Each structure stands twice: as C-alpha cells, then as structure tokens.
Amino acid sequence: DRPQSRFCLLVVKPILQLSKVSRAIAEGEFDQQIPIRFQVYELETMAQSFNQMAQRLQTSFEQVRAALQESEAKFTKIFQYSPDPMTITTLAEGRIIEVNDSFLDFYGFTLEETVGRTTTELSFWHSDEQRSLFREQLRREGTVDNLEFSIKTAAGETKTILLSAEVIDLDGQACVLAIRRDISDRKLAERLQQERFTLQQRYLTELTEWQNRYEAAGQASGQILYEWDINAERITWGPNTKEILGYTIAEMPQTLDGWMELLDPNHPEILRSEIENVIAQDDSYLAEYRIRRKDRTYIWIEDKCQFFSDSSGELVRVIGFIADISDRKLAEAKLRQSETALLAAQRIAHVGSWEADLDNLTSSWSEGLFRIFGLDPNQPKPTRAEMLQQFVHPDDLDRVQQADNRTLAEGAPYQIDHRIIRPDGSIRYVEARGEVTLNDQGKVVRLFGTVLDITDRKQLELALQASEAKLNGILNDAIASILSFRLFPDHTWQYDYFSAGCEAIFGYTPAELMADHALWLSRVPPEDQQAIIFPAFDKLFTEQIAHKEYRFQHKDGSLHWIRSTAIAHREADYWRVTAVDTDITERKRLEMALQATQAKLSDIIDSAIASISSFHVFPDRTWKYDYVSSGCESVFGYSSQELMANPDLWTTGVLPEDYETVLVPLYEKVLAERAATAEYRFQHKDGNLRWISVNLSSRWDAAANSWVVTTVATDITDRKQLNLELQQSEERLREITDNIRDVFFVETADTRQTLYISPAYEEVYGYSRDRLYQQPQDWMECIHPDDREHVLATLEKQQLGRKTAKEYRILRPDGSIRWIFSRTFPICDESGQILRHVGISEDVTEQKTVEETLLKQREMLRTFFDHVPVMLSFFSPNGQLIWVNQEFETVLGWSVEQLREHDLMVELYPDPEYRRQVTNTIEQADRSWRDFKTRTRSGKVIDTTWADIKLSDGSNIGIGQDISDRKKTILALEEANRELQHLANLDGLTQIANRRGFDEHLQREWNRLTREAAPLSLLLCDIDHFKLYNDTYGHIAGDQCLRHIARAIAETLKRPADLVSRYGGEEFAVILPNTAAEGATQVAEFIQAKVQQLQIDHGRSPIVPYITVSVGIATTIPVQQVLPDALVALADEALYQAKAQGRNAYRLYSL
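By the count of my numbering, the sequence shown reaches residue 1257 at its end, each step adding exactly one.
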C-alpha cells in the first residue's frame, strides 16, 4: 500500500460513486438501497479526501492567483495611466465594467455615474446609426480601427473622436476594450480653415472686379468710358460724350448695332468686319476709325477695350475708352506728306540728329530730335548749354557733362546712355552718340551726332528687373546662380556679387568664386571659352543682352551644361553685367539638335536692322518694287534680289489670317490716309515665324498714275517675347502675392514706410492695409510687448542689408494672440545700395500650438513608458536602436547608450542558430506575441515574450515582458492538472484505471479501430462469491484481495494499448485492441490461471477453496453506426452466462 494509492482510494472512489449516485437520483433512475454503514463510511472518507484535496488545490490556486494578480496589476496600471479615454464594456448590452481617469475627465462623468450603465443610457452615441455600424463591424470582424463619429459629453458638448475597439474574453464573458482619441480641435480647425478660404475667395473676387473697374476708369481720364453688358446687350456710356461726339449720354446708341451705324460709310468694309470679328472672338483690341458726330462731321477716334469674365470663365462685360485723335491724325497726315524714306526709317528707329558749328556758333536739329525732346520744331531750339541744364536728368548731368568736356578736350567720339526730362515732365531714356571735326591745328570746330530714344527698351528692362527683384524675395530658394560683375573691353571682369545658389550650380561657394576670379573660367572647357564665352561678351558690348549655354566642370568633377542669361548696362569705362545661370544638363540632351538651329537663327537676328522698301501701287491694286534695302534679308530671310524678282514671294510669307485681317486693310488705310502702322507675322525663309512691325507712308504720283509707298519693316520678335515674359512675370507675381495665405510686403530701405502689403495682412493681423499705409508705426504697436525688443534688434540687422528671419507674437484687435514667422530680403542696386526690402510673414500659430502639444505629449509618453511594466524599444527604419524605457534597462540590464556600442541581437541571443530563428520569427509575426529565451547583461537567461510593431515609416517598436515567474506558475499549474487528471482516471484501491479511465480508453480505441476496420475485444471479469469472502474475512482482507487480483490481471497484458480497469465492486474490465475472438479467449484463460496460482484462501467458496474469477468475452469490429455500449452489454451478457453455468468459467460472444 503506497500513500498515493490510499489517497486515490479514499478520494476518488467516493467522489465518483457520489457523483454517479447523485446523477442517478437527479435523473430519477436510482432505485437501490444504500446501506447506512456504507453511507457513513463513504461520507467519512469523502470528507477526509476533500480536506486533503482542498489543501493541495489551495496551494496551486494561491500560486495561480498570485500570477493572475500580478498580470492584472500590470494591465490595470497601463489601463489607468493611458492618456486616451478607455472603457471595458460587455459585448451583449454595452454595459460599462471599467473606465480609466482619462475617460472620466473627457466625458465629465463620475465613476458612480458611469460603471454599471450602458453606453446608450449615457447617450454616448450621437445617433443609433453610428451605434449599429460600430456593433455590426465589431461582431463581424472582432475589431474596429479609427471609426470617426460624434459624441456628447455630460455637459452636452459635441466632440469628434476616433474609436478603436477589440473583443476580449474576461472570465468567459465577451467584452469590448475601447480606446477613444479626441480629434475635435483638428476637425474644428479644418472647418474654420475651409470657411476662411471660401470667404477669402469671395472677397478676392469682389475686390478684383472693383479694382479693375476703377483702374480702367482712372486710365480713361479725359476720354469716353463705356461698359457693354454682354448678357443685357446694352452699352452704358460715361462722361465726355457731348464734348467729343456732340451727343448727350441719353442720345448715345445703346446697342452695338447702333454704334456700328455711326461708322464712316466710306471706310472699307473690311475694317467694319475686323472690328466685329475681334468683338465676336472675345478678345481685347485697339482700333482707330472715323465716326460721325451729331453735327454730321466725321472725326478720328481711338477705341480701346478689355473683355472681362466671371469666376466661371463666362464673358460678362466689356470696358472701353474712346479718345478723339483727329488732331493727331491731321498732324500725322501732314508729316507723312513731307517725310522721305530716310525720315520714315529714322522715325521707326526713334533717332534724331544734330550738328553744331563752333566757329560760326550755329546749330541744327532734325525733326526727330525735336520729337524725342518733346519740343515744337517751329519753336527756337535750345542752346547746347540750355539742353544740358534743362533736359538732362540731374542724376545723369555730371556723366553727360564729363563726356561732353572730354570730347571737346580730346576730340574723341563718345557714346552714353542717360535720361532726359521733357517739358511735359515725362522722363525718356536716350542713347547719345557724338563725333567731332578737327581743323588743321587739331582744334574741334564742329560737333555732330545722333540721339536714339531707347525708352521702350529701358522701361522693359527696368520693369523686368523690378519684377525679378520681387520674385527673388519669394523664390529665394530657387536653384539658380545670380551674379553681378563689371566687364571691361579687354574681356577681363571683376565680381561684385554671387548668390548662394551658385554652389548648387557650380559646386563652389560664393566666397570661393569671388576669391579667385580665374576659377570659374578655368572650369569652362577651352573650346567653349573661345566659341561661346568671349563671343557672348562681345554681344553684350553691342546688344546689352546675351544668352549662352556652355559646359562647366563641376567641383565634383562631372561636366554640366549651364544656361546663362546676361544683361549689360554701359557705365563710364566698363559694362555692368547681371547674369542668371541655371543647370540645364538634364534638358540639354533633348535640345542639342534644336540648339544648333537656334544658334543660326540668333546670328541672323543679331545682324538684322530693318528692311526699307519703296514700290508703286496702281489703281487696280497691282504693285511693283522700286527699291528693297539689303536689310530685308535679316528681317525676311530673302535677299533684295529675290524679293524684287518675285513680288509675290513676300506675300506668300505672310500668315494668311494676318494678310486678310491686317495687311489688306492696312494698305487701304495708307492709301487713304497717307500713313499707317501695323504688326503681323511672317514666315522667314528659314521656316521660323517672326513678328514684324511695319510703318508705311504714301503719296500720289500723278505722273505715274499710282501711289508711291515707302515701308520700314523691323523684326520685333524679341520685343514681343520680352513683353510676354514681363507680362507673365507680373501675372505670376500678382497671382502669388494676392492669393497666398502668407503676408507678402515691400518696405523702404529704412523700414519706416510700407510700399506694398498683400491682402492676407488683414486676415492675419486683423488691421486694414490702408491704416498701415497711412500709419506705418502701427505695425510695431501690434507686436507683443515681450517680443518688441527682439523685433527691434532684427530690424537693425535688416537695415544693414542682411537677410533676417524672426518669430514673434502679435496682439490682434479682438484680443487674440498669434505667432508670426517673418523673413526679409534686401533689394539692392548695382552699387550695393539698399533700394527696398521684401518679405513674407507666415501665421504659425497652429504650428506653435501643435509643437507645444507635442512637447507635452512627448513628456507624458516618456513618463508613461518609463513606468509601464513592459519593456519598450524603438528602432529607426534602418534598424538603428533609438530608445529603450526604464523597464528594458531594469530587466535586461542594458541602457540605450551601451547597446549602441554592441549588436543588440548578438548580446540578447548569443547562439547564432537560435538568433536566426528569433529574427525570422519576429519578421514574420507582426503585432503577435512570441516567447524567447533571452540573455541579460549579467549572463542570466530568462523567459521573455516579445511583439514587434511595424510603423508606416519603416520604424519598429518592440514590446516585451519578463515571463519567467509566469512560466514557473504555468508549469506548476500544468503539473497539478496532470496530477488531477491522473487521479481522476485512477482507482484508489487497486491503482489501476477506474471506470472513467475505462470509458475514455474504450471510446478512443473504438474510434481508432473504426477508421482501421480492426477487431476489438472486451473482457469483464468478476470474482466468484466475493460477498461471502468479505463476510468471512472482513473488508480489509477483501480490499487486499482486490489488489492482488488487479495486479495479476495487469501482469497478463503485454501491449501498451491493452488496459485493465476496475469496472465496479469486484468486477474488472480488460480492453484488448486489435484482438480477435481467439486471442481474447487466450487472454481470459491466462487471467483465470494467474488468479488460481495466487491460491487466495476462500473457505466458504462452493467451487474450490480459493479465489476464482468468471469471465465474459465480447468481440467485434467497430463501426460508426454502433456505440461502444453495445460491446459492453454483450460482454456483460457473456459474464452472466459464465456465472449461470457454475462460475470459474468464461463465455464468448461476437457482435
């Protein structure tokens, strides 16, 4: 008797019997009498067994409870310390089980008001639809990620949250763990931003409409202003109609057709058609034509109009101006009658000539010179001294006088650009050239020269420079090199300025390039120096503008293609050159073929001057050349011989639409009015399309019965392109400044006056722009007092010409505070003198708020992560360890600084093969937990569990726990379970399988042999006359007998799958898998023989004087349609037959 056997006898047997009897009583099937002695004995033993079992179970329970309490404490700490509202609710009802402090703070409820109530009772859901959507997804998928919806707090406040939830099991109950993230502020900011943008767009549209209207009205001063409403088909007239046309406003035609009826009927019909076509095509136009006044006389008018569309692009109105140009037309007619072809060419070129005889003190001016200076040729011309003092701009007077004096003293010719002030106050730019005539003694006796009006070119250049200067402040980070240098006639130069972008283009810093003037040229290949660089310098000397593309060896050794645009301005003895270089290497490969063609075309354009021609036009409109200058080849591409040989050659080069709409009406006009100008497109002989400006004059040759027409044609393609670029530049600048949310501004050099500030100023600062223009110092008043000293210090740097960047707060009129980030850039002239400052101010209040919030959240998270009872580690996308928390250092002994000097995986998992398995497992198991054996810094190996979370940017977060204690608890619990399982299937008295073990083994083998279609045999053995044995020898002897019989039967079984069990009382069952009837019979005989060999005395047995057994044998091949109970019943019937035939026998039945 082992203690364990005794324990099983005393514990398991009573429990099983009591369970069996209780179940039978509950089902109403128990009909036996339980002896009082047996009942008392069973209850006593059951009480003793329960006490022993309870003590052992209590020990295991305490260990399990401790582990569970520890895990629960860790979870509770994480749950309560989470900054996001968290809840645990039942899945079935949504009833709240637990909430954290963040939840109570967010919703405004107390713990008593929340726990035990459902989310519906607390009105968490904004609508039943939201709740149904949430619960449907949760039941279907078990999890919900970032579901956005609105909720109401206890105070009735509506907020927007992101809800994430997951179904978990708590004590066998399905519950929901939910986390909420408040995004109300973000949603509010998005809505306010959209509303502000919509409002800003509406205001901008209205402002643009009114601004265009009043700017047009201002430009029409002294002229007739009209507005044509397209939809209403009605013309509204402004003042001056009676002064110009003799009609009152009420008498003026109200429709376009009515206006067209006033046109001169003698005008060519083509002119009427042209005006109607331009209007029909929704295009802006400028036209000159004759119109009938109220007094039936005709006058010449100039009609200019501009078309306007609404925000959808639909044409809504036309605004135009009408000016009386009759006097001008009359003067032009008289002038055209007296001009020769040379004068026409001079007029086109805006050139005037002069001559001064120093001996006779006489001088003469050409009409062109009078025109340039704005003087009446009929009035006395000024003296040379008067011209210098009265007309030369004061800022240019010294240079002009020095050039004049030097010429008189040295007899050398001069050329100088300067400004003049005309009597009407207008300023013009001129290029003055002068030469001298010397007498035999070398004394200057005569001066003569020309004055060229270059105002158009200068204005375009200045406008383009101003536009580029504004853009430079906005596009400061553009990848381009901007430089300024002085270029001398011998091709030497001296740098004055390099922008920071040169490093991106050339690889060298501004300091490196300016320190070594030869550095840049040394990196240009020699062939490009000779073929491109030096010719470009020569071109600057003659044309003041040059574009070049050349190769440059970058500082890193690579060869780059550079695009350079340079503009030159003549100074005293050098040219001031400003250039912009950009890297076009990527584009160059596709442009090589086109570049060759453009280079040829550039040579032609460079040499082009003008085409002067004279021809006769006969009444039948046929015509014949008299003369074509050689300049025609540079303009049209055809030589004078080619054009004169084939008069139609020029006509075929004019674009058909321009010929019909421009040139045909033009020739009729010049024949009728003696003079005309036009611009048209011409297909050059080289195939390129050119813009041509032509001036024509005509006179009637009575002798030849024809008109003599003189033309001067010039190529204005570059000017057209320059105008287009200027217009595009100004449009881009206006579009940027008027539409960006940031505040763009321009200030004077001393920062005391604001020259321009964009509309965004009123939105950001809260003050009107007009007030700032009138009271510039108001800007400083709105700066937060704590930031004014910092802003003033920055302004001092700005006044010194430095780029500045400052961040400060402002106080708006409504009392709110905003953060502003402002950058300024100086705009300087060629000498480095500051002209003005441009800058951009950005409202960064939201960014500052986000930064402060992020800093607080970062600190909270760090504190939280350092106190959570889990190990946390953060890795960059390239696998570098960035950070570990305090728990990581505590458990593993490594700090992040120490691990940066070691390989983390090698230190934690030193065995290479195991380390490879760990790495593969982590990579394949995103967000799932895996257990590993991990080595600490001290060398101790502990059990850990890890989960790896991969973030969208490629970084990783590792989450781990030390589960060594949990592992020990689990092992102890598993051992206790195995022990309980063993005790539950073991008969305590005989130490063989009990009835429960029998049932499980029989069912298992029945299923297996059903699949294999193999035989199964069952033996039921009963001790003969065992009750007489107990009555004779007592229960203790009876128990000993049962143990001997069980051991004897067990010794007869040889295979692992064979099983002997105590079936009940003195009955034993033997399961024989894969055994047919013959084998089962042999086993029964062995059992009977083994029992007889024991010779256990049984003096009262009527058979023999020792213990014997009877055996019932049942054999079958199991099938699914039959239950194992059928085999047991058959064996029981066989046992009954064996007993009925005298006992100590066996009987065999087959199923």
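Fair warning: there could be bad hints in the mix.
[As the list claims (entries may be wrong)] In silico PhoX-like cross-links for lysine-lysine, where the CA-CA straight-line distance does not exceed 20 Å:
no., residue 1, residue 2
1, K912, K954
2, K1196, K1160
3, K694, K730
4, K348, K564
5, K1073, K1056
6, K954, K293
7, K293, K258
8, K348, K293
9, K348, K265
10, K435, K410
11, K1073, K1039
12, K730, K661
13, K645, K564
14, K435, K487
15, K265, K293
16, K1046, K1133
Read the hints as simulated data drawn from the structure, not as lab findings.
Since this is a predicted model, take the numbers as computed values, not measurements.
Of the numbered hints stated earlier in the document, which are not met by this structure? 3, 4, 5, 8, 9, 12, 14, 16
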